[in-house]
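K.L.:
Letter by letter, the chains look like this.
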Amino acid sequence: MNFKHKYVFLLPGLIVLIGILIFPIIFTVRLSLSGWNSFNPGLDFIGFKNYVRLFTDDPRFWQSFFRLSFLAITTVFLQYVIGFALAHMVWKDIKFKRFFRVLFLIPMMTTPVIMTVIWRTFFHESLGPLNDFLSIFGVQPPWLSSPSLAKVSIIVVEVWQWTSFMFLLMLAGLLSLPKEPFLAAAVDGASPFKKFIYVTFPLMAPISIGAIVIRLIEASKIMDTVFVLTSGGPGTSTETSSFFIFIKGLREFQMGYAATASFTYLIIMIISLTIIVKVLTKVLMRE
Amino acid sequence: MPKLYTFLKYFFVILWACFVIAPFLWAISTSFKDFNSVTGGATYIPWLQFEPTLDGWSVLFKPGSQGGINIIGPYFNSIFVTLTASLISIVLGTLAAYALSRYTFKAGFVKNNDITFFFISQRIMPPVVLSIPFFLFLSTLGLLDSLAGLILVYIVLLMPIAVWIMVDFFNRVPKEIDETALIDGCNPFQAFFKVVLPNSVPGMLVAGLFCIIFGWIDFFFAFILTFTKVQLLPVKIVALNSSITPWWSLSAAALVSVAPLIIVAFIVERYLSKGNLSGALK
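Respectively, the protein sequence lines represent chains A and B.
Residue numbering for the first sequence follows this note's numbering, starting at 1 and increasing by one per position.
Residue numbering for the second sequence follows this note's numbering, starting at 288 and increasing by one per position.
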């Protein structure tokens, strides 16, 4: 094919994307080398001081990062297991198939912050329906004001919100599978359990990897839920990396330091996602 | 054994259905309450447990001067920003995806897959990382607190999704289609617009649905980059979430804001069941 045309197709999108992004990215890197804060707003040059501070003298950043890793991995794992299970269940013979499919798709269509506001009233200690129900058993857990339960609440909301996305990807995958392997398994008289282990699961492996990676990328940005549900609290017990950067940059106006945290975070994310893709491919794709 | 499986299947599916529906039912019930019914403890059934009122709903459509919240303006802003940004993303994303699927690019070590990855990798960036530079970037352009500025930012948010879905889609459209068109005397643009594009409508619709979903549900950029002149729906609603929260109007506003996308859920399901989505999403 003619080689000049290809640029006419590619370049508009590429140029728009780079055009919008080039300034923010370069600016973030430059900002991370400055001491911009509310007393001293300006792009001075302080070398790697911010990075030294981040790596040697800021346990809060690293705590928020490990908390984020914990939350992201837990929620995505739960979403994958539940989403795959649900997709498998409404894949074929079930009554009201289309009703359940629509219903399970709805949470991902709802705005996370807005649903989280509803969840916040749902989890309310004395006025919410959850504790109203639990009071039958004589307990009234402080869902949002205890450090460990606040994490549980965030996990519940994240799983509610995003299992439907996993469900969608897995169901789309299941519906696109070829029929022949299943016919062969049926001829061999394989039990439903064996059929799943030896036929469905291996066929779904590439789709699973894609879905898990997409969800991990999105889950690593957990911010809306935390912002509305707990505001990082109680204390800093539900603070994630995004929220830490938000507090430093847009609440305490330590722009330079926030940029350092952002850039460090991005580098770690890109490296760990690359590793995760490799590991997942090895674990799920072994024949 | 199959009986047990069937039982567990229905049990689990119904359990999850209840979990999915719970916050909506709670919001519907709460939206008809007033101050006293909310602070009196959790109640669920109108007339039986509390006296329903329409205050929570009527407040949404009154202007601020009459003590209302007036979500109509933000509603249209949200629709406009989402649709415009989605449309631009789809057009640019489809063109780029077509190029990446059909032609070979090579510049040094950069190949097709790397360019595709560059597009998609923009999703890795948390909004908060981009928000500070975007804030300064838009204020330099004078686009802070404007619809145009938000659309610009949302394109970055949505184009990766469009490219991701369309590259996969075009990879599945047989190359022979365009080759036949080229042999018949079309130039590459004619081949694309007359032959390939009409065959790509399902893929573009799916990409469009996803752009609309992810544009509609964004909160953070709108929260940072707009203040008073332009307000989007999520920001308006979250602003209600203060120390003394009017649970009733909050619930009503939440229901109004999620309603249009529930229609999208029905469309997506139709595509799924007809099998069109599977190809476009894998």
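In short, the hints are calculated from the structure, not lab data.
For each residue, glycine too, the CB sits at the ideal point set by N, CA and C.
Some hints here could point you the wrong way.
[To be verified] Distance ranges between label pairs, derived from CB positions:
{"hint": "1", "chain 1": "A", "residue 1": "Lys179", "chain 2": "B", "residue 2": "Asp471", "range": "34 to 42 Å"}
{"hint": "2", "chain 1": "A", "residue 1": "Asp132", "chain 2": "B", "residue 2": "Lys398", "range": "53 to 61 Å"}
{"hint": "3", "chain 1": "B", "residue 1": "Gly429", "chain 2": "A", "residue 2": "Pro59", "range": "36 to 44 Å"}
{"hint": "4", "chain 1": "B", "residue 1": "Lys393", "chain 2": "A", "residue 2": "Leu149", "range": "51 to 59 Å"}
[As the list claims (entries may be wrong)] Sample of chain A residues facing chain B (criterion: CB under 10 Å; computed from the structure):
{"hint": "5", "residue": "Leu10"}
{"hint": "6", "residue": "Arg120"}
{"hint": "7", "residue": "Lys151"}
K.L.:
Now look at each hint and say whether the structure bears it out.
P.N.:
Here is how each hint holds up against the structure:
{"no.": "1", "hint": "Lys179(A) x Asp471(B): 34 to 42 Å", "verdict": "holds, 36 Å"}
{"no.": "2", "hint": "Asp132(A) x Lys398(B): 53 to 61 Å", "verdict": "holds, 59 Å"}
{"no.": "3", "hint": "Gly429(B) x Pro59(A): 36 to 44 Å", "verdict": "holds, 41 Å"}
{"no.": "4", "hint": "Lys393(B) x Leu149(A): 51 to 59 Å", "verdict": "holds, 54 Å"}
{"no.": "5", "hint": "Leu10", "verdict": "holds, 4 Å"}
{"no.": "6", "hint": "Arg120", "verdict": "holds, 7 Å"}
{"no.": "7", "hint": "Lys151", "verdict": "violated, 19 Å"}
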